Every structure is written in structure tokens, then in C-alpha cells.
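Undergrad: Just so you know, the sequences run in chain order A and B. 141 is the number that the numbering used here gives to position 153 of the first sequence; each next residue is one higher, with no gaps. When you read off a place in the second sequence, starting at 1, and then add 40, the result is the number in the numbering used here.
In short, the hints are calculated from the structure, not lab data. Values in this document were obtained by computation on a predicted structure and should not be read as measured data. Any given hint might turn out to be false.
Restraint-style ranges between C-beta atoms, simulated for each label pair [claimed, not checked]:
#1 B:Gly86 with A:Phe191: 28 to 38 Å
#2 A:Lys201 with B:Leu137: 41 to 51 Å
#3 A:Phe324 with B:Lys132: 29 to 39 Å
#4 B:Gln175 with A:Gly2: 28 to 38 Å
#5 B:Pro172 with A:Thr30: 29 to 39 Å
#6 A:Glu275 with B:Pro172: 51 to 61 Å
#7 B:Ile145 with A:Arg90: 28 to 38 Å
#8 A:Trp128 with B:Leu112: 16 to 26 Å
#9 B:Pro172 with A:Ser155: 21 to 31 Å
#10 A:Arg122 with B:Pro89: 58 to 68 Å
#11 A:Gln344 with B:Phe135: 48 to 58 Å
#12 B:Met127 with A:Ser155: 16 to 26 Å
#13 B:Ala70 with A:Glu275: 37 to 47 Å
#14 B:Pro89 with A:Arg(-4): 23 to 33 Å
Cβ coordinates follow ideal geometry from the N, Cα and C atoms, glycine included.
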Amino acid sequence: MHKEAAIRQALILGDKSYHDITVDVVGPIENKAPTAWYVLITIAGLIALWGLGCITYLISTGIGVWGLNKTVGWAWDITNFVWWVGIGHAGTLISAVLLLFRQKWRMAINRSAEAMTIFAVMMAALFPGIHMGRIWVAYWVLPLPNTFGSLWVNFNSPLLWDVFAISTYFSVSLVFWYIGLIPDFATIRDRMSKPLAKKIYGFLSFGWSGKAKNWTRFEEVSLVLAGLATPLVFSVHSIVSMDFATSVIPGWHTTIFPPYFVSGAVFSGFAMVLTLLLIMRKVMKLENYITIKHVEYMNIVIIVTGSIVGVAYLTELFISWYSGVEYESYAFINRFSGPYMWSYFAMMTCNVISPQLLWFKKIRTSLTATFILSIVVNIGMWFERFVIIVTSLHRDYVPSSWSMFYPTWVDVGIFVGTIGIFFTLFLLFARFFPVLALNELKTILKVSGEKYKNEDHH
Amino acid sequence: MATHNHHNRVIHAMFDDDHRLLDAAKVLVAQGIRIKEVYSPFPIHGIDPVIGVKRTRLAVVSFMFGAAGLSLALLGMWYFMIYDWPMNIGGKPSFSLMENLPAFIPVAFEFTVFCAAHGMALTYMLRNGTLPGMQAVNPDPRTTDDKFVMEITDADNQDLNADDLNTMLKNAGAIEINQKDLAR
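The task is simple: from the sequences and hints, build the whole structure.
TA: What follows is the structure, given as C-alpha cells:
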């Protein structure tokens, strides 16, 4: 049997058996939902409906109802897009990169992080869709034969690369997630006594029987998918950054954008995972699986990526001066001293200064402090995208066309609405899906379970 | 396989620990007994060579789908951008596939991953027989929770002595042995 060093902390606390893991994860699905769940889904559902109403109004009226103008043609819409895509980076990073590095702590968090990824990417994909104005011709982004010639889509354009990147990322993440879910659905199927629920989970489990050959294939597929998803994670946000970096706009046209965006994405993604998991572990009583150690590991990822983001901010600031390009310099002078300086300093405080608090062990192992910081980071990362997009655009080359961007109620409504839709989907997931990869967790019980670890060293 | 005895039995031996099942499987195989199948809630590492499960070739499948995806992406971009309707966008004309390749790398990469991942996933589902609407065949609902079952049949083993086998399984730690006599 594979042994683990004694100094490694246990990842599954308490005196757990294989059966206990099943009961702890499947129990909340079998039992009645707590009142808090109904309250939360009602709130989230109402916000989601409000958002859908705003989207309907936008599509039926036109994107003139947003606060965009001739100078600022991209604002909250693309800010929200990049913010959601960024959040969607943690799930696959956890399940793919940490699998390749054989980090066992991923197993308690990968399922819900992947769910979060999928829902976040859905929210992200919404924004370019509705920004097209005529969403009913959204299929024009695909290279389909048409009656214009055939006039093909432009494969030199990063916006088209984005179409391919986001759709590949979304579909591969979904498949990765579902392949992992199949054996867990089978566990639920075999436990359920209510006929309808048994039928539904039976269908979702695709007839999984847990044969030895199935498991060999399962492990091979997980490994290869992780190998494919790892460069995919890095490519997606690199390509998102190229939407900006390949255009000749001061403040956007920089070569550090791809790694800067990727680390920012991981940073915000882990923050959102923490926000969700800290609530979930409490409500669903998963403290034995998502332990303080897990929270600490995630906080360490946040310090590392947050510091990379900080270095990137300072680098682009320095290079804007060192380049000697006056437009480039002005873009940055305008960022920290122009009319949007409040958003620049909000970004700096939230993303560069606040995560440094996590160097203190007391703070990074405190659940309250982590929860607050995770929300601060998410706010900061939204401001980062807002700063990059709006401050670079609102004062362009011709001072007579300088302007400001003010969001309308539709801008706000759609953004808040996507948060509502996201939480609705996540709450449904938490209620009906196995929130931990329970069968994978059983494989580490004897290696990283508290009871077994203690038995080894007495 | 032709059998000489008159039975057509399926024996399911249940264990409550993955390592105990693995050790039992080694003992049985050393006695010349063929184990038809093992059902478990999670992968039992090391069971495959014991019961004769070959290494899966899904990784090769994935590579082939990836190679096909890459070729298709390059062929497509060459056709759309170079051959069928070349355009000069921003002073960057479409000369040839090789000269314009840098701009084609992102889509070529994404499409390679797309085909490799989905091609492999579909093959996995088909080969496993895990598809929408399929019925589960695990002999006991507990095998997806915390029990491990090995399946031994007369069809695989000539002259199987049930009493010897039962003793062997009990000694190896089986907690439950179920025997089913199938009609011939």
C-alpha cells in the first residue's frame, strides 16, 4: 500500500469508513433540504429572473440601453465576461493541474469547483452573445457556408480564437466533470429507495457498474483529460487577453497580458471557490472533508497568484514610463490620476495589498478572514477588468472624443442577474448532485484519513 | 468454453476491503481459478494484472483524434483563409498556410484539444457501455458503496469444486458468498 509521510496532515478527519463517506455525501441529497436552502434559492432565483428580464429587454430593444457610447464601446459587458471566465479557471485548474501534480487535497474540492467553472463559463459566454446585438445570428461566429460568397469568419482575429477557446474549454470541462460524476451517480442510484429518484439517478449514471476494466479506463481517461485540460486552462485566458493585447490601444497592447491574465484568473477563481465552499462545508456539514488545511492550501495559491498579479501591475506601470511612448505613458498616468483613479486604487487595494495578509498563518487558517478576503479579491478582480477596459478606452487619441462611461440600470441589472443565475445553478447542484467526488475520496481514505494515519504511527 | 461438470454457476464473493479482495484474488489465481470480473466502488490499484485485464489503449485513441483534429483545423483554415477567399486584413495579406501559420496556432491548438478530448470521451463511453439508457449490471447495490465483489463462473473454470472454493474464499476474508445456478 502507498504510504504517506507522517508529517503530512490528514485530509479526511474523524473516524470515517468507506460507508461513512457515502452517507455523508449522499445523505443531504436523500434528506429534505434545510430551510436555508429554500430561502437562498428563492433570493437567487428572483435575482436571476430580474437578470433574465433585463436581458430580454436588452435583446428586444438593442444595446443602446447600455451606457456604451462612441468612445467606450466595451465596458461592463466585457468586464463581466472576463471576470466570469476568470472565475471559471479554478475548477479545471484544480481537477487537471492538481491531478497531474498528484495533489490529493484536490479530491474534496474538485467536484464543486468544476461545477462552479461550468456555471461561470456559461455566464461568461452570455456576454459576448448579447453584446452582438443580434443574438439570433450568433451562429455567424462559426465557419459555415453562407450566401455571402461564401464569406468566412476571420481566423486571424483573436475574437474568433476566443470563440474556439471558450467553446472548447466549456465542453471539455463539462465532459471531464460528467465522467467523474457517473460513478457517483451510480452510488446514489444504488442507495435511493424512492422509485422516481432511483430512475433519474439510474439514467444519469448511464448504467455504471464499477467493473475492473471500467475503472482502468476511468483512470486513464481522467489522466489524459487532465493532460489535455492543463494547457487548455492556460490557453483560454491567454486568448482572452489577446482580445486586448493584439489591438493597438495604449494600455492593452502589451506582451505580458497572457501570463498576467492567467494568474489573475486563477487568483479570482480560487477566491470564488473559497467563497462558495466556506458556506457549503458549513451548511452541508462537510467540515471533515473540506478541512482548514484545504482552506490553507487554497489561500497559498491565492498569495502566489495574487503576488504575480501585483508584479504584473507594477511591471506594466514601469514599462509604460520606460517605453517612452507618450500615449502608453498617458494611459497609465490617467489610470492612477484620472477620473477613474478610484477604481484603480480599489483594484490595487483588493488585489495587491489585501492578499498579502494571507502570509500570516493565523489569517490564512481563519475561516472568517478567508471568507472576507475571498470576497474582497473577487471585487478587486472585477475592478481590474473594468480598469483595463474602460480607462484604456475612455480617453483615446483624439481629445475631442474623450468621454466617460456611466452604467445604466440595464448594465447593473444584467451583471447582478448573472450572479443570481450562477447562484441558482450552484444551489441546484448542491442539492441534487454529489458535491464531493465521493468515490475518488475513498481511494485516499487509507492514505490520508485521520484514523488510518494515526494507526500507522502509534 | 466447454465445461465438463453439470453446473452453470455464478459465484459472487463479497469483501469489505479492497486490499483483502486483492490478496484473495492473488491466492485464487495462483490456484488456477479464473476470476471473471471484479466490481468495486472505486479503482482497486493492482487488480488488473491479477485478473488479466489488459491496459487500455484509450490514450492512443485520444492521440489519433487529436492528430485528426489538428489536420482538419489546418486544412480548414488553409481553405477558408488562403484558398477560397483570401483577404487582406489590416495590411496582413493571406499568402500561404506556412507564412500565416502564427495566427492559426490558437485555433489549431483548441481544435486539437477539442477533438482529442471528445473523441476519447465518446470512445470511453462506447467501450464501457456506459451510455444514456443503459442498465447497471453490478450484482449487488452495495458494490457502489463500500463492498467489493469478485465474480467466478463455471463457464470460465472447468471442474470447479464449490466446497474448496468456498473454503478458500472464506479463508481469504470473504464476508458473503452468493451462488446462483443458472439454467444450462
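Undergrad: Is 28 to 38 Å respected by the C-beta to C-beta distance linking Ile145 (chain B) and Arg90 (chain A)?
TA: 30 Å, holds
Undergrad: Please test the hint of 58 to 68 Å on the beta carbon pair from Arg122 (chain A) and Pro89 (chain B).
TA: 59 Å, holds
Undergrad: Holds or violated: 16 to 26 Å for the Cβ distance of Met127 (chain B) and Ser155 (chain A)?
TA: Holds, at about 24 Å.
Undergrad: Assuming the hint says 21 to 31 Å, is it satisfied by the Cβ distance from Pro172 (chain B) to Ser155 (chain A) or not?
TA: About 22 Å separates the Cβ atoms of Pro172 (chain B) and Ser155 (chain A), which means 21 to 31 Å holds.
Undergrad: Measuring from beta carbon to beta carbon, are Glu275 (chain A) and Pro172 (chain B) in 51 to 61 Å?
TA: 36 Å, violated
Undergrad: Is it true that Ala70 (chain B) and Glu275 (chain A) lie within 37 to 47 Å of each other by Cβ?
TA: Because 45 Å falls inside the window, the suggested range holds.
Undergrad: Using the Cβ atoms, figure out if Gln175 (chain B) sits within 28 to 38 Å of Gly2 (chain A).
TA: Distance hint for Gln175 (chain B), Gly2 (chain A) holds at roughly 36 Å.
Undergrad: Between Gly86 (chain B) and Phe191 (chain A), does the C-beta distance stay in 28 to 38 Å?
TA: Because 33 Å falls inside the window, the suggested range holds.
Undergrad: Does the Cβ distance between Trp128 (chain A) and Leu112 (chain B) fall inside 16 to 26 Å?
TA: 21 Å, holds
Undergrad: Do the beta carbons of Phe324 (chain A) and Lys132 (chain B) sit within 29 to 39 Å of each other?
TA: 34 Å Cβ-Cβ, so the 29 to 39 Å window holds.
Undergrad: Taking the CB of Pro172 (chain B) and the CB of Thr30 (chain A), does the distance hold inside 29 to 39 Å?
TA: 32 Å Cβ-Cβ, so the 29 to 39 Å window holds.
Undergrad: Looking only at beta-carbon atoms, does the pair Pro89 (chain B), Arg(-4) (chain A) fall within the given range of 23 to 33 Å?
TA: 29 Å, holds
Hint violations for this structure: number 6 only, all remaining hints satisfied.
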